[in-house]
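Q: Each chain is listed here by its residues.
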Amino acid sequence: MSTEMLNPKQQPSRWSKAWNSNMGYSFRRNPVAVVSMVVFLLIAAASFLAPLIAPYDPYDPAQIDIMNSEYPPVWINDSLPEFLLGTDDQGRDLLSTILYGTRLSLLIGICAVALQAFLGISIGLIAGYVGGRLDSLLMRLADIQLSFSTLMVAIIFLAVTQAMFGSETFNRYAIVFLIAVIGVAEWPQYARTVRATVLAEKKKEYVDSARVLGFGPMRIMVRHILPNSLSPIFVISTVQVANAIISEASLSFLGLGMPPSQPSLGSLISSGFDYIFSGSWWITAIPGVVLVVLVLVINLLGDWMRDVLNPKLYKG
Amino acid sequence: MSLLSVRDLTVKFAMRDQTVTALNGISFDLAKGERLGIVGESGAGKSITGFSLMNLLSRPGYIDNGQILFEGEDVVQMNDKRLRNLRGNRMAMIFQDPMVTLNPVLTIGQQMIETLMAHRKLSREEARQIAIVKLREVYIPSPEERLEQYPHELSGGMRQRIIIAIALLLDPQLIIADEPTTALDVTIQADIMELMLELCQSNQVGLILITHDLGVVSQMTERTLVMYAGRIIESGRTREIINDPQHPYTQGLINALPQQTLPGQRLKQIPGNMPGLASIPTGCAFNPRCKYATDLCRSRVPETVHYGEVEVACHEVQRLNSDEDRQEARA
Amino acid sequence: MFAYLAKRVIQAIAVMFVISLIAFAIQGNLGDPLRELVGQSVSEEVRQQLRDELGLNDSFVTQYLRFAGNALQGDLGTSYFFKEPALDVILKKLPATLELVFGATLIIVGFSVPLGVYTAIKPDSILSRIIMGLSIIGISIPVFLTAILMIFVFSVEYGWLPSYGRGDTVHVWGYWQTNFATADGWLHIILPSFALASIMLPLFVRLIRAEMMEVLQSEYVKYAKAKGIKPWRIYFIHALKNTLLPVITVGGVQIGTMVAYTILTETVFQWPGMGFMFLEAVNRVDTPLIVAYLIVVGFIFVVTNTIVDLIYGLVNPTVNIARMGA
Chain A
1 MSTEMLNPKQ QPSRWSKAWN SNMGYSFRRN PVAVVSMVVF LLIAAASFLA PLIAPYDPYD
61 PAQIDIMNSE YPPVWINDSL PEFLLGTDDQ GRDLLSTILY GTRLSLLIGI CAVALQAFLG
121 ISIGLIAGYV GGRLDSLLMR LADIQLSFST LMVAIIFLAV TQAMFGSETF NRYAIVFLIA
181 VIGVAEWPQY ARTVRATVLA EKKKEYVDSA RVLGFGPMRI MVRHILPNSL SPIFVISTVQ
241 VANAIISEAS LSFLGLGMPP SQPSLGSLIS SGFDYIFSGS WWITAIPGVV LVVLVLVINL
301 LGDWMRDVLN PKLYKG
Chain B
1 MSLLSVRDLT VKFAMRDQTV TALNGISFDL AKGERLGIVG ESGAGKSITG FSLMNLLSRP
61 GYIDNGQILF EGEDVVQMND KRLRNLRGNR MAMIFQDPMV TLNPVLTIGQ QMIETLMAHR
121 KLSREEARQI AIVKLREVYI PSPEERLEQY PHELSGGMRQ RIIIAIALLL DPQLIIADEP
181 TTALDVTIQA DIMELMLELC QSNQVGLILI THDLGVVSQM TERTLVMYAG RIIESGRTRE
241 IINDPQHPYT QGLINALPQQ TLPGQRLKQI PGNMPGLASI PTGCAFNPRC KYATDLCRSR
301 VPETVHYGEV EVACHEVQRL NSDEDRQEAR A
Chain C
1 MFAYLAKRVI QAIAVMFVIS LIAFAIQGNL GDPLRELVGQ SVSEEVRQQL RDELGLNDSF
61 VTQYLRFAGN ALQGDLGTSY FFKEPALDVI LKKLPATLEL VFGATLIIVG FSVPLGVYTA
121 IKPDSILSRI IMGLSIIGIS IPVFLTAILM IFVFSVEYGW LPSYGRGDTV HVWGYWQTNF
181 ATADGWLHII LPSFALASIM LPLFVRLIRA EMMEVLQSEY VKYAKAKGIK PWRIYFIHAL
241 KNTLLPVITV GGVQIGTMVA YTILTETVFQ WPGMGFMFLE AVNRVDTPLI VAYLIVVGFI
301 FVVTNTIVDL IYGLVNPTVN IARMGA
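Residue numbers (the numbering used here), protein chains in the order written: chain A, 1 to 316; chain B, 1 to 331; chain C, 1 to 326.
Next comes chain A alone, as it looks inside the complex (with noise of 0.2 Å):
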């Protein structure tokens, strides 16, 4: 017997740590949390392998035929075998604009929450570090960003925008402004939840000792402080990422986000909203369908997390 092979019993690898976790028991145990990690997974696989297995590329006008516009998915009468899910009003394959779709709505919600997750923990490290007025100041601040509504925030920053560059330039950029404007507006979430743990970490003695032996704020912030607010900054980017995805597919279905030419979810929603009452109700519901499901596997996620991350145990 040779040394390699008992070497991974004795050394389990990252995985197998994972997998025999209290999280990953729990997670087991769990169906319902099994059931939508694996929908989400295949979800976001589907969309970012979109390229590689859409039928159709939604962005190349050669492909798209006016002609073809309005097809049903192929379980219902008069529609096209090639079409599996119909096709929009533009002609175009609903399935593969889906799929495309999809890839820029869980773009969109990711990035905006890792910036918002950047802007806030960096301002609840700062706040509760350094403490005193500026602390106060920030914290005021969250509470009055806090108190407006971030889809109203977003709503006329975007609107704003559009009128100022025009709908050319705007859409253009539109990613880039939906990923600002909902990365921008959420970070008192995370900022207050940082600032309580570096309040309740730097009263302790590591943090002391860290400091004694000489080490800067930065390092003891990010080395010390920080991972002991991981599980609560997880769950509220599973929660944000949700929440993100339905801002922005609001703001896409009230024409403010990704433009018809390159539909996110939200924006496909709008597009086939007009056609919802002369009978041509997949293009709305299908894409309605996936965001719900894609909505909600997050959402469930986020539910067994905090549950699990957040175990109030009993107080026997």
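FYI, nobody ran anything at the bench for these hints, they're computed from the structure. Every value quoted in this text rests on a predicted model; they were computed, and no experiment measured them. Treat the hints with caution; some may be incorrect.
With a cut-off of at most 30 Å between alpha-carbon atoms, the simulated DSSO-like pairs for lysine-lysine come out as follows [as the list claims (entries may be wrong)]:
{"hint": "1", "chain 1": "C", "residue 1": "Lys122", "chain 2": "B", "residue 2": "Lys12"}
{"hint": "2", "chain 1": "C", "residue 1": "Lys230", "chain 2": "B", "residue 2": "Lys81"}
{"hint": "3", "chain 1": "B", "residue 1": "Lys12", "chain 2": "C", "residue 2": "Lys222"}
{"hint": "4", "chain 1": "C", "residue 1": "Lys222", "chain 2": "B", "residue 2": "Lys32"}
{"hint": "5", "chain 1": "B", "residue 1": "Lys81", "chain 2": "B", "residue 2": "Lys121"}
{"hint": "6", "chain 1": "C", "residue 1": "Lys241", "chain 2": "B", "residue 2": "Lys81"}
Following the hints, position chains B and C against chain A.
A: This is chains B and C only, laid out in the frame that chain A set:
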């Protein structure tokens, strides 16, 4: 007939993956007007005993077995209506921390009057008058004004007096006080204890005082139960238990009192900690911390035996009390 | 009392000041007022002259002060499209939006309290599980999609309820036209109100449930049980009152948020409120109207938040307003 008679009370907690036993076959009696102390470290099951007597355990805890006969009626078998009639009326409870016991959004008056009106057919005004009388009994100045105040406007000591007044509102037969002074300033603790003693004696009310403080028990109670890991390990007259403890754990508790320590000496603490409910050792639960533990102690739970003036659950109580060991224990 | 009030009001004024600065900046950069006034066929000299007359060449501070002064007198400019004072245009649309928010609020309050309390008291019952499951689905469906679904089911498929507009309204006072006076008005407001409520209702059910469950674990609820108080009194007097304190704070913020969601609901249902108007104004680059909307909505946010703070202070005995002022 005794006022309260607890027989073989067993309480369990259904945790996520296992069920743990918090109280394991507790039995004791209380005569009318008698004052009983329950002592032990935290986690011994004292508070759980107190809440069980009122059948007030909240999930995941439940009474698994046993009888709690109060005035001849089994509390364990009572339906909700009978329980409501019992609680606050015939048996009252004083909670540990007066800062969180009173409802912050209701006035003192509301919280007193609702208690009276839940049990007696009274007009609001009659209830108010009774409340004022009871507040006077606990030496609260200008009680009429207090009735209009909210809990946060009053000090901790004041609140605990009000909670004592609420306990006395319906002239109960028994008051269960769960560490009634631990949350208070040291300076007020003695006052509150004195007040409780005075009121219990003058009204002939039975008292079960749950505490970790043997000093308080010796001043307040006639009989004492010592609990460890969900069992009663020693019981008897308070005087005997304080002066001549038989169980090594009780001896340890008494030796750990600051009064027992000479100036400059370290406090003689019992080594180790109370085991968690999920990991109670086999045999005598105290054996890992006991310097007299034998193989028997590690394998079999000791029976309760009558020894000297007390009831004690210890295999080695005889050997312990042979003279030379006695010397050693005292040293 | 006075000091507390003053502190809140000062903060509200500060926020309004920032909003007015933003609004002013938008006004200065969005569109060209000259073109709107005289068109493009005017010589550069005349333009310069007009700029002087209109004060467009004044310093930033002078221009802002003039803008703020006018705004304080209720003059937020004239809508390019409606050729009417922008504030008047908004005030005409405001009642439709407020009634929509009111309808949604009624639905939210009416359903969230009983559902939240029930799921907190009986967390393991089948009904509670169903309610909680529905609530997470509700949170995951965007408002506009709920609205579309409702239209599809109740208007297109079954034709039970109208899908757009306010229907018959009755004039009440000033610009106020109400939906609540005719049967037709009631029918028209049902779908939009439910759609608007659909996002907040599950949030509130979950919030009330979480707070209530925490309160039910508290010592004072245990103590109330130990006093032999009846369950309904424990739930609705002891527990609910403590539950509602945090709910009020969140609720106040959410009323503001609902104004944002009215834009979505009004768009789907063609509801002639100010959210719908705002989107039209954006498409027409009707700058004065955009700016006026921004200020009015900012004002609504600031006022509701201030009022919620005050109510919280009044309801919560531990925040003693009377004493804070002394």
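Q: Taking the hints in turn, state whether each one holds.
A: Verification of the hints:
Note on lysine 122 of chain C and lysine 12 of chain B: the hinted pairing holds, with a Cα-Cα distance of about 22 Å set against a maximum of 30 Å. Distance restraint check for lysine 230 of chain C and lysine 81 of chain B: the Cα-Cα separation of roughly 9 Å lies within the 30 Å cut-off, and the hinted pair is therefore satisfied. Distance restraint check for lysine 12 of chain B and lysine 222 of chain C: the Cα-Cα separation of roughly 19 Å lies within the 30 Å cut-off, and the hinted pair is therefore satisfied. Restraint check: the Cα-Cα separation between lysine 222 of chain C and lysine 32 of chain B comes to about 26 Å, which is no more than 30 Å; the hinted pair holds.
A distance of roughly 16 Å separates the Cα atoms of lysine 81 of chain B and lysine 121 of chain B; the hinted pair therefore holds under the 30 Å criterion. Proximity of lysine 241 of chain C to lysine 81 of chain B is assessed by CA-CA distance (about 25 Å); at most 30 Å being required, the pair is judged to hold.
Against the hints set out earlier in the document, no violation occurs for any number.
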